[in-house]
Amino acid sequence: MTLSPAARWSLRIAMGLGLVFIYVPLLLVLVNSFNGDRTFAWPPDDLTTRWWAAAWANEGARQALLTSVKAGLGATAIALVLGTMVSFAVQRFAFFGRDTVSLLIILPIALPGIVTGIALDSAWRSVMGDLGIGKGMFSVIVGHATFCVVIVYNNVLARLRRTGTSLEDASADLGASPWQTFRFITFPMIRTALLAGGLLAFALSFDEIIVTTFTAGPGVTTLPIWIFNNLFRPNQAPIVNVVAAVLIVLSVIPVWLAQRLAGPEAGASRT
Amino acid sequence: MTDTSTPAIRLTGLRKSFGGVEAVAGIDLEIADGEFFSMLGPSGSGKTTVLRMIAGFELPTAGTVELGGRDVTRLAPFERDVNTVFQDYALFPHLTVMENVEYGLKVRRVPRRERRVRAEEALAKVRLAGFGDRKPAEMSGGQRQRVALARALVNQPKVLLLDEPLGALDRKLREQMQVELKAIQREAGITFVFVTHDQDEALTMSDRVAVFEHGRIAQVGKPEAVYEKPASSFVAGFVGTSNVFSGDTAKALFHREGAFSVRPEKILLTADGEAEAGTPGTVAEVIYAGPVTRYVVDLDAGGRVVVVAQNRHNGAPLAARAQRVRLSWLDDHVVEIPPNDKETANA
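Line order of the protein sequences matches chains S and W.
Just so we're aligned, residue 1 is where the first sequence starts under UniProt numbering, counting upward by one.
Just so we're aligned, residue 1 is where the second sequence starts under UniProt numbering, counting upward by one.
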């Protein structure tokens with residue numbers, strides 16, 4: 001398609017503005033985490049790593065980081081197992097209700113977090129609590145897993161679609177048992193898709209706040225919740241900046257890695 | 001083919017439907033040990049489905065598959081002593097060429113040292129010695145094809161199935177591979193079942209050819225039998241070019257009812273006036289094709305005929321467009337097509 005110079009320039013400007021709106025505030029957080037002034041005077045006249053040291057020394061922030069990592073790892077582990085199993089079922093077998101299952105798996109990522117949160121909250125109140133499983137780390141992990149499964153599912157499904165079954169046919173033809181075929185052929189084929197899906201799922205869980213708010217039991221404070229709780233305490237403001245900066249970095253790295261590992265399909269699965 | 005020994009492959013009443021569509025509609029076939037057998041047919045004629053049922057990738061809707069006298073109809077691919085060369089080669093992209101060739105031995109727990117020796121032999125046999133460390137992506141199409149062949153042959157199967165293995169190669173390479181395949185087959189003494197839609201491939205390499213039409217075998221026999229004595233107008237039309245006469249034209253030419261086939265190269269074309277005998281007609285088209293020239297002739301008796309003549313005289317044509325000519329042929333070269341065949345290729 002050819003565009004007139006005027007159209008081309010206005011599109012460029014629009015794109016530039018869009019990127020500025022997305023990334024300048026993030027950059028501000030990063031810079032402010034090094035801002036020596038307590039009231040964040042701009043431009044910063046003094047750069048310091050004081051807040052980083054203070055944040056590291058802050059017991060609450062450190063606990064929150066640990067909690068977030070635990071929740072992320074737990075949700076990712078569940079997502080990897082369930083997501084892979086469902087994607088194999090949907091891609092390799094024809095069964096009644098296959099399209100419905102596929103839709104039901106994808107739906108949680110489209111559902112508003114607040115709806116998922118309320119639903120899980122009432123489920124925990126009315127059913128799980130009676131079963132003796134109270135809210136805590138486990139409920140957070142389950143809550144995060146509902147949308148993390150989608151990520152792994154989409155990644156693995158795309159990979160399975162692309163590679164087809166001919167390599168597995170060839171392996172069986174050469175005398176490999178189903179387990180040997182999985183170990184030597186199928187798993188190496190989907191390995192990077194699993195890694196990419198796992199990294200994205202972790203990133204998604206790591207910065208989640210809405211579902212977490214509804215599912216976290218007392219004493220379970222993830223990093224985003226900690227930030228939210230401390231946001232309006234003037235004393236904590238510099239540390240909040242540091243924690244936010246950490247959150248940005250820890251979210252961006254997995255996404256970037258996943259993009260490099262899986263190519264276009266990983267990016268597509270996040271929408 | 002002798003019936004005293006057990007056939008390498010025996011198919012009995014083999015059928016396969018996909019969602020109500022019958023892809024294979026009843027195949028009975030015996031393939032002898034050590035035979036080079038081709039399944040020839042247009043796409044969708046069921047030949048690949050038959051191959052996949054022999055390999056074990058598809059479960060027949062009805063009928064049985066026997067390998068060396070043993071019923072394997074319900075066995076999984078890895079429980080059958082056959083290997084396949086796939087149309088797209090299906091080489092494992094994450095393994096080296098050597099690891100690809102070793103794969104079948106590795107999963108059968110052949111000791112490392114022995115499998116290395118055998119894999120190197122197999123690679124040497126397909127003239128790829130020294131290529132073991134490469135990845136499939138670093139090889140050309142023809143080389144990949146030979147890796148796929150080595151990967152199958154290294155297991156010394158009783159039967160090798162080849163699914164249009166030369167389809168992706170250019171013409172020169174394909175002709176070269178035809179000769180090599182035939183030599184490898186003769187040397188190893190393995191039964192080859194070769195699926196192709198290319199009649200030249202089927203005719204040049206095979207001991208016997210089965211021509212497939214709509215999930216059935218239209219004719220099976222030696223290449224010269226299939227070519228010279230087509231059993232139906234479909235076979236006559238699919239294997240080579242053929243002139244099939246039927247209806248009024250047939251009655252005018254042969255003085256009886258029925259359908260008759262004459263191959264283009266069996267017809268002698270002479271300019272009108274030079275010969276008194278023969279069937280008169282008018283040249284509609286002259287197509288020069290290097291070693292031969294094709295003449296399309298409209299017969300006075302009705303119908304259109306293709307004549308192929310060798311260019312012995314510096315390519316000077318025997319006749320020009322719109323010229324009156326006479327065609328003649330020997331009675332021996334006329335093949336009467338059985339009446340159960342209703343198709344009229346030359347209506």
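To be clear, the hints were calculated from the coordinates, so they are not data collected in a lab.
Computed from a prediction, not measured in an experiment: that's the story for all the values here.
C-beta atoms are modelled at their ideal positions from N, C-alpha and C, and glycine is treated no differently.
Please note: incorrect hints may appear among the correct ones.
[To be verified] Selected chain S positions facing chain W (Cβ under 10 Å, derived; list incomplete):
#1 134
#2 165
#3 173
#4 181
#5 188
#6 219
#7 221
#8 256
#9 259
[Unchecked claim] Computed spacing ranges between beta-carbons, pair by pair:
#10 S:92 / W:71: 24 to 34 Å
#11 W:94 / S:177: 47 to 57 Å
#12 W:70 / S:177: 50 to 60 Å
#13 S:131 / W:94: 28 to 38 Å
#14 S:257 / W:59: 57 to 67 Å
#15 W:59 / S:177: 14 to 24 Å
#16 W:62 / S:177: 42 to 52 Å
#17 W:173 / S:30: 53 to 63 Å
#18 S:257 / W:241: 52 to 62 Å
#19 S:107 / W:189: 58 to 68 Å
#20 W:129 / S:16: 54 to 64 Å
#21 W:216 / S:177: 44 to 54 Å
#22 W:140 / S:228: 54 to 64 Å
#23 W:59 / S:107: 26 to 36 Å
Original post:
Out of the numbered hints, which ones does the structure contradict?
Top reply: 1, 6, 7, 8, 9, 11, 12, 13, 14, 16 and 21
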